[in-house]
Amino acid sequence: MNGSARLGVYGALVLLCLVLFVAALCVGPVPLSPFDLPHLLYARDTEALGLIIYEIRLPRAVLATLVGASLGLSGAALQGLTRNPLAEPGIIGISGCAALCAVIAFYTGFAALNIWTLPAAGMLGALGAVAGLYLLAGSRARIVTLILAGVALNSLAGALTTLVLNLTPNPFAAYEIFFWLMGSLANRSFDHVWMVLPFVSLGGVLLLASGRGLDALSLGDDVALSLGVDLRRLRAYVIVGSALAVGSVVAVSGVIGFVGLVVPHILRPLVHHRPGALLGISALGGAALTLAADLGTRFALSNGELRLGVVTALIGAPFFMHLVVRNRSPR
Amino acid sequence: MNLLEAHRITFERGGQRVLENIDLALAEGQFLGIIGPNGAGKTSLLRILAGLEAPSGGQVLCAGEPLASMAAARRARHLGYHAQNPELHWSLRVSDILRLGRVPHQGALLRHDQADNAAIARAVAMTGLGPLLKRRGDSLSGGELARVHIARLLAGEHRVLLADEPIANLDPRFQIDVMNLLRQHAAQGGANVVVLHDLAIAARFCDALILMDQGRVHAAGTPAEVLTSTHLSTVFGVGGDYWQLSGIPAALDLREPLEAERRRARSAASRSASD
Chain A
859 MNGSARLGVY GALVLLCLVL FVAALCVGPV PLSPFDLPHL LYARDTEALG
909 LIIYEIRLPR AVLATLVGAS LGLSGAALQG LTRNPLAEPG IIGISGCAAL
959 CAVIAFYTGF AALNIWTLPA AGMLGALGAV AGLYLLAGSR ARIVTLILAG
1009 VALNSLAGAL TTLVLNLTPN PFAAYEIFFW LMGSLANRSF DHVWMVLPFV
1059 SLGGVLLLAS GRGLDALSLG DDVALSLGVD LRRLRAYVIV GSALAVGSVV
1109 AVSGVIGFVG LVVPHILRPL VHHRPGALLG ISALGGAALT LAADLGTRFA
1159 LSNGELRLGV VTALIGAPFF MHLVVRNRSP R
Chain B
251 MNLLEAHRIT FERGGQRVLE NIDLALAEGQ FLGIIGPNGA GKTSLLRILA
301 GLEAPSGGQV LCAGEPLASM AAARRARHLG YHAQNPELHW SLRVSDILRL
351 GRVPHQGALL RHDQADNAAI ARAVAMTGLG PLLKRRGDSL SGGELARVHI
401 ARLLAGEHRV LLADEPIANL DPRFQIDVMN LLRQHAAQGG ANVVVLHDLA
451 IAARFCDALI LMDQGRVHAA GTPAEVLTST HLSTVFGVGG DYWQLSGIPA
501 ALDLREPLEA ERRRARSAAS RSASD
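If you're matching them up, the sequences are chains A and B in order.
Reading the first sequence from the start, the letters are residues 859 to 1189 in the numbering used here.
Reading the second sequence from the start, the letters are residues 251 to 525 in the numbering used here.
One or more of the hints may lead you astray.
[Said to hold, decoys possible] Pulled a few chain A residues facing chain B out of the computed Cβ check, cut under 10 Å:
(1) P889
(2) G938
(3) D1049
(4) R1070
(5) A1074
(6) L1075
(7) L1077
(8) D1079
(9) D1080
(10) V1081
(11) A1082
(12) S1084
(13) L1085
(14) P1127
(15) H1130
(16) R1132
[Stated by the list, open to error] Going by beta-carbon spacing under 10 Å, a handful of chain B positions derived as facing chain A:
(17) R297
(18) G301
(19) A313
(20) E315
(21) A318
(22) A322
(23) R327
(24) Y331
(25) Q334
(26) H339
(27) W340
(28) G351
(29) V353
(30) P354
(31) H399
(32) R402
Just so you know, these hints were derived from the structure itself, not from any lab.
Here a beta-carbon is modelled for each residue, glycine too, at the ideal position from N, C-alpha and C.
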C-alpha cells in the first residue's frame, strides 16, 4: 500500500476513535453536550458535572482506549507470530492465567486490601503464563508446540478458576468473582489508568517493534531466519509484549474477549494482509471497538449496566460465525 | 577466497547421524549442484550452509569468516536461501513478497530506498513478473508462485544463493529459465549451491556436482565425472538403461556450447567491471 492510502486508513481510524471518545464522555445517565466539554475539561469544575467527567467518564474512556488498543495490537501480533487467524491473547493462555490470579486474589481476600493488589495479581498471572509457555514448549519450540502449550495452559487456568468459584464458601464473593470475570470498565478511576499505563506502553513498544519480523515470517520460519530475522527474539517480543499489555488490562477490566480476534480480521484487507502494517491499525481499531462496546453497555438494562465482556462477545461471536461461513464457500 | 566453504561437517538429529564429514568449497562464479536420493541429507546440508542450523561438528566459512559468529544481517546479505517447499502465509501481494527480499538490506527504520526499488525492478524484469505485481500470492498458479519466490531470492542481491529444489513445481520452460537466471547470477560474480532432483538439468547447468548418499559424499567433481552409470546405479539403485533414458548423455553433450557462452559472459563481466 502506498503511503497516502495508509495515512488515510490511520486518519479514518483516529477520527473514529476521537468521535467515540467524545461520545464516551457525553453519554450516560446525565447526558452532556459535546460543546460543553471543552469548558468542563478546562475549568476542572468541582461541581457535579466536573466530577462526572473527571472521576467517572474520562478515566473510563481512557481505560477503554488502552484496553482495546492492547487487545487489538496483541491479537494482530499473535496472529502474525502464529500465522493463524484464530490466535488472540486468550488462545495462548495469557488472559486465562491473568484472570485466574485475579480470581485467587478475590478468593483469598487480598483483592480487598487495596486497589493495587488485583492488577498486580493479574500481571503476575500473565507473566506466569509466559513462564509456563516457555517451560512447556521450550525456548526453541515450533509455533504449533507453542499454541498447544497455550491451549493446555488455558484449559488448566479455566479449570482452576472454576475450582476457586466452586470452593468459595460465601455466595456473595462467588457473585463478585463471577461478575468480575465478565469484564467491565465501570467504576474505574485514574489510579487504574496510571497503574496499567507503564505496562501497556512497554508492551506496546515491544509489539510494534516486531512488525518487520512478522512480515518476514509470512514466508516461513526458514526463509525469515535466512533474511536475518532473530526468531527467538521476535517470539520473546510478541509473547512478553502481549503478557505485559494484556495481563495488565485484564487485571483492571476483567476478561474481554473477541476484540483481539475480530479487529485484526476486519482490518487485514486494508493493509493488503501485511502482518507488520496491521499492528498499528489494529491498536486503533481495538480502541474504537472497545469504546463503542462500552458505550453499548450504557444503553441497556434498566436495572444497572450490561457487562463489557458480554457486549464484545455479543458483537464478536456472530461476526466470527459470519467469517466461518464466508470462508467455508470456495474462494 | 572461496565464497563459501564447509569443513568436515557432521550433523546429528535425534541421536541419528544425518551428515558425516562433508567438505565443500564454492568459488566465485561456481554453480554447484547437490544430488542424491531422498533422505541422503541434501536439505540438511543446505540448511547448515545457510546458517539456519548449527552443525554438530565442523564449521562453515562464509567468505573466510566463520558463519556461526557472523551477525545475522550480514549473513543474510551474503547468503540467500530458497526453501524446499516455499511457504506463503496470508495473501500478500506479489510486490510485497518481493519487498521482503530486501529485508537484509534495510536498517532499523525499514527505509525502503532507491537501491531497494532498483533491485526489485531488476528481479521483476529477469523473471517476467511485471503483469503479476498487484496480484495476491494465493491467487497465483503453483508455477507463478514458484517464480515469485525465485524473484524474491534474486531481489535480495545475495552473493551466494542456496536453493533447495527451486524448479520442482515448474514446467520445462520455466525450469530452463530459472536455471539460466541462477547461472547468470553465478556469472556476475556470485555463486550457487542448488539441490536438484532432475539429473539431466544438473548435468546441463552445474559446473560441479556432489552426489550424496546416506549423509556422505559418494562422488564429487564435474558432471561428467559424477554422473556415470556406475555411480547412479550404486546410489539410486537403478539399472544401466536409466542412464540412457535420463537424458544425461545428451545433456553432457550440450555443455560445450554452454562453457563457451560462460567464458564470453565472464569476459564481458570483467570488461564492464574494469570500465
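How the hints compare with the structure:
Taking 10 Å as the C-beta cut-off, the interface hint given for P889(A) is violated, the closest approach to chain B being about 44 Å. For G938(A), the shortest C-beta to C-beta distance to chain B is roughly 8 Å, which falls under 10 Å, so the interface hint holds. For D1049(A), the interface hint is violated, since its Cβ never comes within 10 Å of a Cβ in chain B; the closest pair sits about 36 Å apart. The criterion of a C-beta within 10 Å of any C-beta in chain B is met by R1070(A), whose closest approach is roughly 6 Å, and the hint holds.
Hint on A1074(A) holds. Least Cβ distance to chain B is approximately 5 Å, under the 10 Å limit. A distance limit of 10 Å between C-beta atoms decides the matter here; for L1075(A) the minimum to chain B is near 7 Å, and the interface restraint holds. Taken as an interface hint, L1077(A) checks out: its beta carbon lies about 6 Å from the nearest beta carbon of chain B, inside 10 Å. Restraint check, D1079(A) versus chain B: the minimum CB separation of about 8 Å is within 10 Å; hint holds.
Evaluation of the D1080(A) hint against chain B yields a held restraint, the C-beta minimum of about 5 Å falling below 10 Å. The interface hint given for V1081(A) is met, as the beta carbon of that residue sits about 6 Å from the closest beta carbon of chain B, less than 10 Å. Interface hint at A1082(A): satisfied, since its Cβ lies 9 Å from the closest Cβ of chain B, which is below the 10 Å cut-off. Because the beta carbon of S1084(A) sits about 3 Å from the nearest beta carbon in chain B, less than 10 Å, this interface hint is met.
Hint status for L1085(A) relative to chain B: holds, with the closest Cβ pair at about 4 Å, below 10 Å. A distance limit of 10 Å between C-beta atoms decides the matter here; for P1127(A) the minimum to chain B is near 9 Å, and the interface restraint holds. Proximity of H1130(A) to chain B holds as hinted, the smallest CB-CB distance being about 5 Å (cut-off 10 Å). With its C-beta approaching chain B no nearer than about 6 Å, R1132(A) sits inside the 10 Å limit, and its interface hint holds.
Interface restraint check for R297(B): the shortest CB-CB distance to chain A comes to about 7 Å, inside 10 Å, so the restraint holds. Taking 10 Å as the C-beta contact cut-off toward chain A, the hint placing G301(B) at the interface holds, the least distance being around 8 Å. For A313(B), the interface hint is violated, since its Cβ never comes within 10 Å of a Cβ in chain A; the closest pair sits about 16 Å apart. For E315(B), the interface hint is violated, the least distance from its beta-carbon to any beta-carbon of chain A being 15 Å, above 10 Å.
Violation of the interface hint for A318(B) is found here, the shortest Cβ-Cβ separation to chain A being roughly 14 Å, above the 10 Å cut-off. Because the beta carbon of A322(B) sits about 4 Å from the nearest beta carbon in chain A, less than 10 Å, this interface hint is met. Given hint, R327(B) at the interface with chain A, holds; its Cβ is 8 Å from that chain's nearest Cβ, closer than 10 Å. Interface restraint check for Y331(B): the shortest CB-CB distance to chain A comes to about 3 Å, inside 10 Å, so the restraint holds.
The interface hint given for Q334(B) holds, since its Cβ lies 9 Å from the closest Cβ of chain A, which is under the 10 Å cut-off. For H339(B), the shortest C-beta to C-beta distance to chain A is roughly 4 Å, which falls under 10 Å, so the interface hint holds. The beta carbon of W340(B) is positioned within 10 Å of a beta carbon in chain A (closest approach about 4 Å), and the interface hint is therefore held. Taking 10 Å as the C-beta contact cut-off toward chain A, the hint placing G351(B) at the interface holds, the least distance being around 8 Å.
A hinted interface residue such as V353(B) counts as satisfied when its beta carbon comes closer than 10 Å to some beta carbon of chain A; here the least separation is about 4 Å, so the hint holds. Annotation: interface hint on P354(B) holds; nearest CB of chain A at approximately 5 Å, less than 10 Å. A least Cβ separation of about 8 Å between H399(B) and chain A falls short of the 10 Å threshold, and the interface hint therefore holds. With 10 Å as the threshold, the beta carbon of R402(B) comes within range of chain A, its nearest partner Cβ sitting at about 7 Å, so the hint holds.
When each numbered hint is compared with the structure, violations occur for hints 1, 3, 19, 20, 21.
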